[in-house]
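Engineer: What follows is the residue order along each chain.
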Amino acid sequence: MNEMIPPKSERSAALKGLGTSRKRVEDARFTQGKGNYIDDLKLPGMLFGDFVRSPYPHAYVKSINTDAAMAVPGVVAVLTAADLEPLGLHWMPTLAGDKQMVLADGKVLFQGQEVAFVVASDRYAAADAVELVEVDYEELPVLVDPFKAEIDGAPVLREDIADNLEGAHGARRHPNHIFTWEAGEKDQTEAAIGEAEVVAEEMVYYHRTHPCPLETCGAVASMDKVNGKLTLHGTFQAPHAVRTVASLISGIAEHNIRVISPDIGGGFGNKVGVYPGYVCSIVASIVTGKPVKWVEDRIENLTATAFARDYWMQGKISATKEGKITGLWCHTTADHGAFDACADPTKFPAGFMSICTGSYDIPTAYLCVDGIYTNKAPGGVAYRCSFRVTEAAYFIERMVEILAIKLNMDAAELRRINFIKKEQFPYQSALGWEYDSGDYHTAWDKALNAVDYTALRQEQAKGLEGFKAGKTRALMGIGLCHFTEIVGAGPVKNCDILGLGMFDSCEIRIHPTGSAIARLGTISQGQGHATTFAQILASEIGIPADDITLEEGDTDTAPYGLGTYGSRSTPVAGAATAMAGRKIRAKAQMIAAYLLEVHDDDVEWDVDRFAVKGAPERFKTMKEIAFASYNQAIPGIEPGLEAVSYYDPPNMTYPFGAYVCVLDINVDTGIADIRKFYALDDCGTRINPMIIEGQVHGGLTEALAIAMGQELAYDEMGNVKTGSLMDFFIPTSWETPNYVTDFTTTPSPHHPIGAKGVGESPNVGGVPAFSNAVHDAFRSFGLTQTHMPHDHWRIWKTANNLGLHD
Amino acid sequence: MIPAAFEYHRPDTVEGAVKIISDLGDEARVVAGGHSLIPMMKLRLTGLSHLVDLQGIGGLKGISVNGDTITIGAMVTQHELITSKDLASAAPIMSEAALQIADPQVRYMGTIGGNVANGDPGNDMPGLMQCLNASYTLVGPAGERTVSAREFYEAAYFTEREDDEILTSISFAATSGGFAYEKQKRKIGDYATAAAAVLITKDGGKCSAASIALTNLADTPIYCEAAVAALVGSNLSADDVGAAVKAAVDASDPSEDNRGPVEFKKHAAGVVIRCAIERAIERA
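From first to last, the protein sequence lines stand for chains A and B. If you read the first sequence in this note's numbering, its first letter stands for residue 1, the second for the next number, and so on. If you read the second sequence in this note's numbering, its first letter stands for residue 1, the second for the next number, and so on.
Take these hints with a grain of salt, some might be off.
What the hints assert, rightly or not - Derived pair list, reagent style EDC-like, types lysine to aspartate or glutamate, alpha-carbon separation capped at 16 angstroms:
| # | chain 1 | residue 1 | chain 2 | residue 2 |
| --- | --- | --- | --- | --- |
| 1 | A | Lys721 | B | Asp257 |
| 2 | B | Lys185 | A | Asp727 |
| 3 | A | Lys797 | B | Glu7 |
| 4 | A | Lys797 | B | Glu263 |
Keep in mind that the hints were calculated from the coordinates and are not lab data. The structure presented is a predicted model; accordingly, all values stated were derived computationally and were not measured.
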């Protein structure tokens with residue numbers, strides 16, 4: 001080895017590539033308050049829009065009088081459905097194949113629904129005018145409970161489609177019924193359960209909640225009437241999809257629409273949907289010829305933009321006396337609110353709920369989901385999870401615990417004997433998925449050893465004796481969870497949204513001096529793409545991550561992609577990045593060979609350079625190759641060093657993890673004190689361990705919120721009870737426990753770098769871990785199932801129902 | 001969350017502030033820290049058109065300990081209550097309670113005067129003031145008067161203060177003996193599910209004096225006379241404490257909200273009150 005060449009390890013470290021805890025390049029601006037969010041955008045002459053919203057959950061709109069509002073100084077326009085109708089924009093298509101009112105068209109269907117859009121020279125004038133729009137409502141009976149949607153005399157919500165017997169996802173059996181979707185083998189599963197030695201059955205409810213990103217939704221639309229171009233800035237998790245949809249519904253040619261997602265302050269699925277505010281700001285800009293900004297406040301965000309969950313999952317699980325699971329059956333009643341605006345791939349109206357066989361080798365299973373309309377806001381987005389995967393994980397992880405109770409078995413052991421074995425991968429699940437890779441037993445044993453599970457159970461038993469003897473009012477709960485996710489949507493052959501295939505993309509340009517810019521079809525909302533995708537590239541093309549600029553979110557410059565949600569960025573765009581990098585390297589190899597005067601096959605890749613095989617002192621670094629690619633005439637090779645890759649993944653990826661939560665419940669106050677949380681994640685190849693740890697901490701904290709208090713609650717009259725952060729639980733550092741993170745690494749066999757995605761795992765796996773811990777604390781008193789969120793009074797109620805206050 | 005237009009006034013004397021609110025009547029409200037009033041304005045739930053900011057009145061600041069008497073200006077912030085060395089020795093229950101109000105950012109702005117004068121049953125200071133048997137000084141067009149905290153609260157947001165009066169200061173006697181402010185809440189920043197302020201003095205093994213008041217367990221704070229009677233003169237045995245807890249819970253009258261149903265709140269209140277009494281006894 002030439003002494004002048006630094007060793008491989010040193011050159012590799014200098015790249016800050018895969019596996020490096022590289023500091024986030026985004027944080028310099030965020031920590032200084034210098035991010036550029038939608039509400040930071042100020043365009044010359046910009047107007048402001050604000051909504052008149054319905055106070056009623058269900059009512060006819062008899063008339064709207066805008067005279068007084070128009071008289072407010074500064075008010076430019078007040079748009080109603082009647083104004084949008086000539087443009088065909090009073091309704092818009094939803095991502096789920098339904099349609100949704102942009103502004104109330106004759107009736108309102110949920111509290112907070114958009115009724116009129118006031119446009120004014122400033123926010124204050126707009127808000128003043130909102131108060132002066134006179135709307136004459138005629139109240140209608142309200143439907144809140146999805147189980148009452150199809151009873152005699154139930155109010156018909158969607159009169160516009162009441163007579164349609166066929167919806168976007170097949171037959172509808174009632175005007176308030178949206179779809180029935182089935183997976184698996186019904187007869188076979190029911191037979192297996194019918195003849196089983198042991199059957200456990202429960203209703204598992206995953207309550208309605210909301211992603212509640214720190215930054216609410218907003219947009220600035222700017223129609224340039226001179227060149228006919230519309231620029232739409234907004235809080236979009238999928239800017240290209242927004243451009244295409246905006247073009248299809250507005251009739252503006254797609255090349256005349258530029259969509260820009262600036263910095264986004266958290267999305268968590270809430271910013272996937274298309275909202276009336278976006279449409280109204282576009283129309284208002286077209287009408288006025290000026291830029292129009294619309295930004296929600298917190299109450300509007302919680303009450304009108306997309307909610308998550310609200311699945312009532314009736315489950316049956318069967319097993320042998322020894323605990324081998326023989327079948328799983330589930331019927332879900334899905335409360336979709338007033339319009340079916342779920343954000344799911346078109347062929348999956350219940351998302352990937354059919355991952356509900358979880359980490360277990362279950363021979364037969366059946367899933368049926370009925371979507372129902374109610375007088376609640378539309379949504380049903382994947383709140384930091386791949387489509388309905390969180391619901392599925394909660395369902396199976398509760399059912400396994402319930403089965404353990406029925407079998408009088410330890411829940412950790414029951415899981416162990418049912419896990420899919422390492423040698424069974426790729427594994428074909430009963431509900432139709434091909435799990436790519438996994439090693440569940442190894443992860444499980446590592447987790448149980450790390451927390452000393454045996455000692456915890458001994459301590460719990462001792463504590464229970466003390467409780468029964470009246471020495472303490474605390475009960476210890478141990479919450480277990482082994483989850484399997486399905487992320488990275490997805491293969492275009494079966495994954496599309498509104499017909500848009502769910503591939504993703506990366507375009508790379510190497511500059512002559514050996515630095516680079518890469519653009520992707522995704523958009524970071526806090527994930528740190530500018531940090532991690534540069535790391536993928538650094539390892540692929542031998543250019544330091546610090547020398548690579550990452551750009552996303554401008555549809556005029558970025559290659560087409562389907563955006564960031566469902567943990568799809570690393571599995572899909574990350575793969576595209578690696579593949580584009582490999583194209584760069586392939587060309588670089590030819591250039592290097594030419595410069596070294598050898599055949600292409602006679603050079604080999606060496607971290608950041610190509611060297612002649614057997615003569616490592618003869619090499620060309622990527623920096624040298626980059627310069628030569630532009631500035632040296634090389635026969636048969638075009639100048640330049642650029643590549644683009646569109647990646648259609650061959651399969652989903654299947655991250656998994658083993659979580660353990662230990663808490664102590666005071667049965668009198670209902671307070672649950674979380675003393676330990678251990679999270680082992682296996683997300684395949686790890687790109688940036690520090691970012692993974694941050695993702696896990698954040699996701700676990702959301703899971704804590706959801707399991708322990710966060711809910712979007714409606715009263716029986718259809719009023720939102722938790723429409724502000726006073727009642728909608730967002731944990732602060734004070735409520736957040738310490739987390740211990742750990743990992744195993746089982747690469748995805750089909751992903752170019754073996755990565756699976758991690759952002760959503762902690763929310764998916766965390767919720768069952770927290771909830772199972774609460775249930776476990778009461779197991780010895782006969783509790784099998786109680787509903788989340790486990791806030792103080794509900795825990796107290798559970799204790800009260802079990803006679804613990806007598 | 002955009003307020004309607006309003007006129008902003010920033011007088012530099014109490015008299016000036018009183019004049020503005022007596023001239024303008026219902027249309028004007030004084031604002032101290034603003035944590036209750038400003039959100040109401042943003043939600044357009046209040047129709048005021050004149051906001052009278054008390055931040056410019058120097059005479060409303062300051063904590064003084066004069067012998068046994070503590071006087072706190074209405075514009076003293078929760079943060080100042082927590083960091084005052086004088087108060088820490090003269091009435092340590094003040095910082096214990098103030099530390100359980102909201103979060104540091106709110107406590108930098110939130111004032112004791114606003115907290116006690118607003119009449120919000122969720123506020124922590126009114127119950128504590130009843131426990132301390134504090135008196136409030138009110139200044140109006142007719143001059144100054146004092147009202148006992150135990151007489152001040154009539155119903156939620158209804159108090160003895162007349163519309164044209166400003167609460168300027170609070171005074172109470174320095175405490176000795178044991179103290180505790182115990183609060184159950186769902187999260188930082190939340191109002192109490194149940195909270196209790198307790199003072200206990202022991203003399204020769206017996207309880208020589210006690211005071212107990214409750215927060216957010218009715219539409220006003222509750223001074224628990226029967227509970228106090230159960231403790232004073234007793235040996236503070238488990239039975240005595242039990243009797244006091246029962247008396248205090250019986251005096252509570254919570255209503256159902258997102259924190260839970262009445263039955264739960266009363267049960268939790270029992271735990272909170274017992275915890276406060278026991279901690280005060282330990283410290284006595």
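Engineer: Which of the listed hints are not met by the structure?
Structural biologist: The structure breaks only hint 3.
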